[in-house]
Amino acid sequence: MSKITLLLLLMFCVVSQSKGQYQLQIQLKAQSENIDLSEYPYFKANFRVLNAGQPIEVQLQDVFISEGAFAIIPEEVSPLINGWQEVKWYTKKSDPSDTLIRSILMTKIDSKVVQALLFGVIRPFHNIIITDENSIQIRDVKEGHWSQVQPGNSIPIQVRIRFSLLNEKKQPISMKLDSITTNTDIFRLKWLASDSDPDHSEPPRLVMSGSSYWVNIYFEPKENRYYHDVMTVHYQGGLKKHLPLYGNSFKLDGKTLIEMTEPPEGSKFTPCQTVFIRWKGHAVNLPTEISYTTNNGFTWTTIDNVKGNEYLWTVPDIETENLKLRIKQNFKQADEYLLSEDLQTIFSVGYDTEGTKLTSSNISGKLLTWDLTQAGQPTIINRAYIGEPEQPTQYYSFGLVYNNTKTEYIVGFRSLSIPFIQRRDTLAFFKINEETAYRKIQLPPDFISGKLITNKTYDVLAVLPFTGTEMLLYSSVNGTFLRSVQFEAPLMDFAFNSNGTGIALLFNNQIRIVDLNNYNIIDEINFDYFLNSVSISMSPDGRLIGLGNKSDGNGLKTDIFVIDLQTKEIAKVYGPSIGDPIRIYFNPTSTSLIVGSTQDKQIAFYDLTQSKKAETLFGHYDVMTDMQIAPNGHSLASTATSRDNLMYRVFTYPEEFITGNMIIRKQVLTNDTVRIPFAYLGTQNQHLITQICNPTDAMIILSEGFFEYRNNLNLAVDWMRDTLFPGECLEIGVNFSPIDTGVIKDDLIFKTCNTYLRIPFSTYSYPRNVTYFNKPFEMGEVCIGDTVIYKRELFRNDDPVPLLVNFSATEPISNKEFKDETFTKDTLIPPGGSYFAKIKFTPLELGLREAAIAVYHSNQSKIKILNEVRGVGIGSFIESNHNKLLFIPEIDTRELRLHNVGKTDIVFDGFNVVPAGLYQVLTPTPFTLKPDETAIIEIIKLTEIAGNASLVIDANPCLIQKFIPLGPYTSSAILSLPIVEVEATDTNVEIPITVSITELESYKGIRTFEGEFEVHAGLFLPLEVKSEWGDAILIRNSIQGNIRTVGFRIDGDFPTYGILGVVKGVAGIAETDRSDLVFTDGRSFFGSSTKLTTESGELHIIGLCKDRRILRSYDNLSNITINPNPANSLIQLDFYTNFSGNADIEIADFMGNVSKRIAGVSVSEGLNTVNFDVSQISSGLYTIRVISNNIISTQSLIISR
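The sequence shown: position 266 = 265 (numbering that gives the first Met the number 0), numbered continuously.
Note that these hints are calculated values from the structure, not bench results.
There's no promise every hint is true.
What the hints assert, rightly or not - Label-pair restraints from in silico Cβ distances:
#1 Gly-946 with Thr-986: 31 to 41 angstroms
#2 Leu-1166 with Cys-1104: 47 to 57 angstroms
#3 Asp-904 with Arg-791: 55 to 65 angstroms
#4 Arg-642 with Gln-441: 25 to 35 angstroms
#5 Phe-705 with Asn-295: 37 to 47 angstroms
#6 Gln-685 with Glu-320: 42 to 52 angstroms
#7 Arg-791 with Phe-926: 52 to 62 angstroms
#8 Gln-685 with Cys-728: 37 to 47 angstroms
#9 Gln-157 with Gln-53: 57 to 67 angstroms
#10 Arg-187 with Gln-441: 53 to 63 angstroms
#11 Gln-376 with Ser-761: 24 to 34 angstroms
#12 Lys-1025 with Leu-1166: 23 to 33 angstroms
#13 Asp-904 with Phe-835: 32 to 42 angstroms
Glycine included, each C-beta is placed from N, C-alpha and C at the ideal position.
Can you make the complete structure from the sequences, with help from the hints?
Okay, structure coming up:
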């Protein structure tokens, strides 16, 4: 048994006690060896039951003893004396493997059962073994010994009983044999004594340890039926050893599930006729063998092996009066399938009401639903969860059943991840297509569930206790509590039947038959000499009960009993496994038994109509936790604690069904040539043919019908399988649509079974005549991009019958300039009528453009009427230096360059601005621009603030680019001054001004930038300003106090990012070695159209002497790169340092606001890389600053989405 299973079993015991501690509990007077063994085998123990801490008296009928696999009803319980009671019982431990007695004392208070552990040590060792005459140990005498004994006969079987008893010194001593008995006179005993003991007297007597004593058992039936009894060896004043006896065989009539429903007996067929063979009661997804015979079953011919419940059979090409059909399934296990998607323990599984879906519940609370309708590996159709999918909660599921909605299932569970005392068993209701439960019902807080089952109509839920006498009933549809059912002893199992009854298995093999209308007990059966039974079921016909007892723990097989309710006797006994039975099922015809056990041969099948050995399926690699059989009885699912935690198996029972006699007869067609009227090429002609008949007296199955060539002659509709009865004629529509000319011949072919019947057809087709017009179809000269449409006559129909025009189109298909817009489809042109084409021409290139107009007619694909279509594309092309010309308030007039990139002269007749009043073109028109020449157009802004307008160019021939947008320029910019480090003697100091401009559209032109900044007057003297973008001059160098103001002007076409200009000068020495570099607002900078943000810098004088030393720093932080840039989410920042330490990284917008800051980034000498996320920062232009060792290095970053 796996560790998890042991853990769960221990947990159940603890739960059943701990949850009752606060109200009910058992206390034992003695803490060690609390069983008094002084009157062995009559045991005693002192106990008391406390209710909320106060002793209460319990009665004899409410006390039970569990001694391993044995159930014991005590002999006596004393009254409550001084707060204690004494319980006395006879032990059933007759074959101890050791001397330790372990028992569980259980008491019933109302519907609750509380328990305590009893134990003691037996000093003398004793044992009794019963063997056959060959000294082989036996546990029972089964039907194989007395297979068929007629009434009046007496057939003996000899058994030997070997007694062993050792004293405390382990010396053999005599044992007292009280008696040997049976319960009926059907099995008679005769004492034969022992050949090693001279005393041959009958019991009661002393027997010698180590000796075997012989007994003959005579089976003397009075009727021709099976019998059951028990031989009991009574010894040591109360101990018992039982040997079950079974005589004659239990007879059970065989029934079949499988049955053929179509075709009926006496049916008559024609060769190759298709006939549906249908059946029911088969095993789904396992093959059914179909065969036929024509010699009353002497030989059988296999038709097919199919899965499903029907087969479309083609009758063979034979003739017979003695046809019989047979369907058959053998016992077979199909391929088994591992269904789980992980290795976690699965506790329960359940089928839907039709056996088409299967749902399992594992320890993590995951519920998987599988589709079983298709052959092969089932597929998952839904995942659901008892709790939250991501929470590491564990659950124990004590059952999973579907209700009668067919789309919902219920799971009974308890959490394993919370303290015992807080746990509440719960019923969760799920829909098969949803992930979470839509209803959860908590069971009473002191109710510990053992199993969840449902009735045969799937509308009642029964929750069985783990240890208790109360069963709870709920509606499986709406969760309503229906009632509780009380029993007089602990309830071990319960099973519903379809006949309105149920069976309850109580402690000590007490079976109660229950009326499901009111749950009153209507009958009872008791088998108190067996090991305690833990599983029960009832056959669908209500006659049989399957009963499985608990393993005795000595490695012997667990007994599975089949009880005949008509006689209330045991009819069959099987020993499939050493593990405890967890499920017992009967098949739908009550002729087979399926047993599921925790260990060993975990799944076993028995044919109750025979005495053959069981067909056994392996089961699992570890402990099996649940097994469910499908409603149709042909598949089962089992769960386990091992890696093969959910197995699905499909199987069949050995069954067959044979029909009565059926008949197959054979069949001919008239084959005279069918002649139809002549027609013109391409015309549609339909004729009804009625001269094809069946001249025979047998029906003909015409499975296929078609013309051999199918070019000119075709059936009006596709042939459908038809039956032609004797003397009956076909009515067939034939289409004559000639696509060839001259004599037309073809054969109409019918297939009947394996024969093809030919009916010849003959006719004639006339050719077509047309006269062409407008060849070619001229479209003239058209400007590139413009469109013209012309409709003209193409041809005339010169035939006396209409001409079918299917459609027309321009060719080749790749042509993009000509398009047929006639939109004619399947149009008839009458005799003498003309066809007109509507053609659209849109030239895309200069010069002659050509294509063809193809007219398809008469349903022909290769023959067509062709007509050439052509036109000439004309036009002019210019390029401008601005896609959109933008204006700023400081500059009113701008230039627009127009370049002729075409091959013809362009005449500019005028320029217009729309709307008027915003701009004016100063360049006079008309003028001519030759190929590859450029003209400069001056445009002035008429308003202080520029507005949006369009420049409309009027130029010929056919100017393509006619519009250029005009509008205001807007942008935002960030000006930055750096941290500059220079030596005091440096005469070539450079202070770069960095700019980052964000603009929607580029200005593309010369404009003025004026700016100024302040610096300590003694630390820097400006000499000049330089810019690679245009002319630059110093316009201010003034000192006020110790502050020097440096002004400069640059005229140029500025970049969106880079160094705008560099102010050059010399360094100096003052009372400080540092100075801020700060922009002032005394200048216009880029002008009013640009929103400006400035970033200050610093000037550091380095290398100054102090304390006779020259201080000089060689720290360097440089070469900042950003990848990608522009960025969207993640970026990588690379930079070089020649030192190690920490750095701060900031991202600032153009206003200088820090949008993100990363402090304390560790840097080392060499290349440093930092990755971070900018997905939370809005789109725009930003500056990344890296600050370390008083060095600031910056780089621009564009964030775009």
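Results for each hint:
1. Between Gly-946 and Thr-986 the beta carbon distance is about 51 angstroms. The supplied range of 31 to 41 angstroms is therefore violated.
2. Take Leu-1166 and Cys-1104: their Cβ atoms lie about 35 angstroms apart, and the range 47 to 57 angstroms is violated.
3. Between Asp-904 and Arg-791 the beta carbons are some 34 angstroms apart, a value that contradicts the proposed interval 55 to 65 angstroms.
4. Checked against the hint of 25 to 35 angstroms, the pair Arg-642 and Gln-441 passes, with Cβ atoms roughly 33 angstroms apart.
5. Restraint check, Phe-705 to Asn-295: a C-beta distance of roughly 41 angstroms satisfies the suggested window 37 to 47 angstroms.
6. Gln-685 and Glu-320 have their C-beta atoms about 44 angstroms apart, which keeps the hinted 42 to 52 angstroms range intact.
7. Checked against the given bound of 52 to 62 angstroms, the beta carbons of Arg-791 and Phe-926, roughly 41 angstroms apart, lie outside it.
8. Restraint check, Gln-685 to Cys-728: a C-beta distance of roughly 18 angstroms breaks the suggested window 37 to 47 angstroms.
9. Hint check: Gln-157 to Gln-53, Cβ distance near 59 angstroms, so the stated range 57 to 67 angstroms holds.
10. At roughly 59 angstroms, the beta carbons of Arg-187 and Gln-441 sit within the given window of 53 to 63 angstroms.
11. Under the hint 24 to 34 angstroms, the C-beta atoms of Gln-376 and Ser-761, about 59 angstroms apart, miss the expected range.
12. A hinted range of 23 to 33 angstroms for the beta carbons of Lys-1025 and Leu-1166 is consistent with their spacing of about 31 angstroms.
13. For Asp-904 and Phe-835, the hinted distance range of 32 to 42 angstroms is satisfied, since their beta carbons lie about 40 angstroms from each other.
Checked against the numbered hints above, the structure violates hints 1, 2, 3, 7, 8 and 11; every other hint is satisfied.
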